[in-house]
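With chain A fixed as given, assemble chain B onto it according to the hints.
Just so you know, the sequences run in chain order A and B. For the first sequence, the working numbering assigns the number 1 to the initial residue and increments by one for each residue that follows. For the second sequence, the working numbering assigns the number 1 to the initial residue and increments by one for each residue that follows.
No lab work stands behind these hints: they were computed from the structure. For every residue, glycine included, the Cβ atom is placed at its ideal position computed from N, Cα and C. Among these hints, one or two may not hold up.
In silico SDA-like cross-links for lysine to any residue, where the CA-CA straight-line distance does not exceed 20 Å [said to hold, decoys possible]:
| no. | chain 1 | residue 1 | chain 2 | residue 2 |
| --- | --- | --- | --- | --- |
| 1 | B | K3 | B | G21 |
| 2 | A | K406 | B | V77 |
| 3 | A | K169 | A | K198 |
| 4 | A | K364 | A | P323 |
| 5 | A | K406 | B | L73 |
| 6 | B | K33 | A | E72 |
DEER-style ranges, computed between Cβ atoms [as the list claims (entries may be wrong)]:
| no. | chain 1 | residue 1 | chain 2 | residue 2 | range |
| --- | --- | --- | --- | --- | --- |
| 7 | A | T231 | B | E62 | 50 to 56 Å |
| 8 | B | S19 | A | K385 | 37 to 43 Å |
| 9 | B | D10 | A | Y292 | 37 to 43 Å |
Partial pick of chain B residues on the chain A-facing surface, computed with a CB cut under 10 Å [claimed, not checked]:
| no. | residue |
| --- | --- |
| 10 | C39 |
| 11 | C43 |
| 12 | S44 |
| 13 | E74 |
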Amino acid sequence: MKDKICVIIGASHAGVNLAFSLRKEGWEGEIHLFDGDPVLPYHRPPLSKAYLTSDDAIEQNALKAKSTYENERINLHLGVIVTAIDKNQKVVSLENGESQKYDSLVIATGASPIIPSIPGIDTATNLYPLRTAKDVLNIKKAIHNSTTKRAVVIGAGYIGLETAASLKKLGATVTVLEREERILQRVTSPVMSDFFQKLHTEHDVAIFTSKNVVEIKATANTNTVICSDNTSYEADLIIIGVGVRVNSQLASSIGAEIENGIKVDQTTATSIKDVYAIGDCSFHHNPRYDRYIRLESVQNAVDQAKVTARTICGKDTIYDTIPWFWSDQYDIKLQMVGLSQGHDEIIVRHEEGEATKFSVWYFKGDELLAVDGINNAKAYVIGTKFIKSKSLVDKSKLRNSTEVLKPANLLIK
Amino acid sequence: MAKVTFITTDNEKITLEASSGSIMELAVQNGVKGIDGDCGGVCSCATCHVHVNENDFEKVGEPSEIEADMLELEDEVSEYSRLCCQIKVSDAIDGITLKVVEE
Chain A
1 MKDKICVIIG
11 ASHAGVNLAF
21 SLRKEGWEGE
31 IHLFDGDPVL
41 PYHRPPLSKA
51 YLTSDDAIEQ
61 NALKAKSTYE
71 NERINLHLGV
81 IVTAIDKNQK
91 VVSLENGESQ
101 KYDSLVIATG
111 ASPIIPSIPG
121 IDTATNLYPL
131 RTAKDVLNIK
141 KAIHNSTTKR
151 AVVIGAGYIG
161 LETAASLKKL
171 GATVTVLERE
181 ERILQRVTSP
191 VMSDFFQKLH
201 TEHDVAIFTS
211 KNVVEIKATA
221 NTNTVICSDN
231 TSYEADLIII
241 GVGVRVNSQL
251 ASSIGAEIEN
261 GIKVDQTTAT
271 SIKDVYAIGD
281 CSFHHNPRYD
291 RYIRLESVQN
301 AVDQAKVTAR
311 TICGKDTIYD
321 TIPWFWSDQY
331 DIKLQMVGLS
341 QGHDEIIVRH
351 EEGEATKFSV
361 WYFKGDELLA
371 VDGINNAKAY
381 VIGTKFIKSK
391 SLVDKSKLRN
401 STEVLKPANL
411 LIK
Chain B
1 MAKVTFITTD
11 NEKITLEASS
21 GSIMELAVQN
31 GVKGIDGDCG
41 GVCSCATCHV
51 HVNENDFEKV
61 GEPSEIEADM
71 LELEDEVSEY
81 SRLCCQIKVS
91 DAIDGITLKV
101 VEE
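In isolation and in its complexed conformation, chain A is listed as follows:
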């Protein structure tokens, strides 16, 4: 195994964790990790939160220290873009004209923010998505250099809302424009959408739904964002948070099967021999929910990386985890576990005497599918346990806030 080479394209959560997991699983061969981003790989979740609102250097958000790559003999090639894969010769070509052979190839290319084709978007002033450390530096600079600090966030998903909360903290006047009828429509239930809409409103962030942006007009240092209902908003800074497109070009160029992402089997292998795909770009089967999904989360990136490492090292394994996510906005911590899609009943549980602590439990018949905890880690960990063990929950006890939240109280015996 010493003379084998593993090449990883993409050095974010998935790629970096894979490199280290390979060593943990006993891989003795070479590891080459490529990424077009020149910055030492960093945690992405803080980008819209602590990193945006503080003066922390990006190094403080590093996934691993530089020296640990050296200690584990991981060749980190930063600022180097992989331009092509030759699956027959098993070699990747690099933008700098060089090439690298591989025995196993892992595509961890993630996804890129969608920049919608709105007239004027190309000439807008201070318009950024939020995906990379550089995006955040641009956003910080724009907000610090502006005296009026009017920010318009297009898209009320998690990135948009987290960024809105952070910009507010930085002293901006923030407006969020969402095309759908409610915020977070694609990702959560109306209960949660209502909660977050109120939360932002209380923090003086203006949220407007059913707003379709049709034009952006740039003037000297500012912009006018125009919607289809003829309303318009002045913006010194525009954040685009309308979702992502999977970076599947390399995979598709070698004929790998693509659906909503790069299709992989339970071991994270693509349809092409010795080529794997993990993280945001992978379209994979979840055994617990028995369907194909694509997830944009740290959990998915890290856990798939572990499975790929074991697979490449010749160990039996399948990817079988319950998805979990989190989002921090203002002093609210949202923790989600499971996939709520397909639910036919929602139980909202409040905790006695606690205004901003509750949980939302999603059922399909008797089966618990997912739990969202708001400032309620206990609901989240109990939910995780119940979903894993497919426990039957006593719904009337769950609804009853005087019943203490603990597993023994909630199970049907």
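Chain B only, in chain A's frame:
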């Protein structure tokens, strides 16, 4: 400046020094096995679980409510469990020993 000693599951003893940041960051920056800090230090993932040496627990203190809740159903939770992303490095914790829970 504080000295912190980690004991990993394979009984390796690593003593590190820092003056700021969290214990999790210190461990990750130095590649201490079993401390991953996947969520970046916001008490969301429970991949930085340690058992504080009994005699040092007073220096470190009790977990917050959310941290205690995250720990409650963890395997190998003990009365000395902490998520070390929630422990700030300071002079007050100088000399503590932490047992890493995960491999």
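Comparing the hints with the structure gives:
1. For the proposed pair K3 (chain B) and G21 (chain B), the alpha carbon gap of about 13 Å is at most 20 Å, so the pair holds.
2. Our distance criterion of 20 Å between C-alpha atoms is met by K406 (chain A) and V77 (chain B), whose separation comes to about 16 Å.
3. The straight-line distance between the Cα atoms of K169 (chain A) and K198 (chain A) is roughly 17 Å, inside the 20 Å bound, and the hint therefore holds.
4. The hinted pair formed by K364 (chain A) and P323 (chain A) meets the criterion: a straight-line CA distance of about 17 Å does not exceed 20 Å.
5. Simply put, K406 (chain A) and L73 (chain B) have alpha-carbon atoms about 10 Å apart, close enough for the 20 Å limit, and the pair holds.
6. A threshold of 20 Å between alpha carbons decides the hint, and for K33 (chain B) with E72 (chain A) the separation of about 12 Å falls inside it, so the pair holds.
7. In this structure the supplied range 50 to 56 Å holds for T231 (chain A) paired with E62 (chain B), their Cβ-Cβ distance being about 51 Å.
8. Under the hint 37 to 43 Å, the C-beta atoms of S19 (chain B) and K385 (chain A), about 39 Å apart, fit the expected range.
9. For the pair D10 (chain B) and Y292 (chain A), the beta carbons lie near 38 Å from each other, so the given range of 37 to 43 Å is met.
10. Taking 10 Å as the C-beta contact cut-off toward chain A, the hint placing C39 (chain B) at the interface holds, the least distance being around 7 Å.
11. Hint status for C43 (chain B) relative to chain A: holds, with the closest Cβ pair at about 8 Å, below 10 Å.
12. Satisfaction of the interface hint for S44 (chain B) is found here, the shortest Cβ-Cβ separation to chain A being roughly 4 Å, below the 10 Å cut-off.
13. With a cut of 10 Å, the hint placing E74 (chain B) at the interface with chain A holds, because the nearest CB-to-CB distance is about 8 Å.
Hint check: no violations occur; every hint is consistent with the structure.
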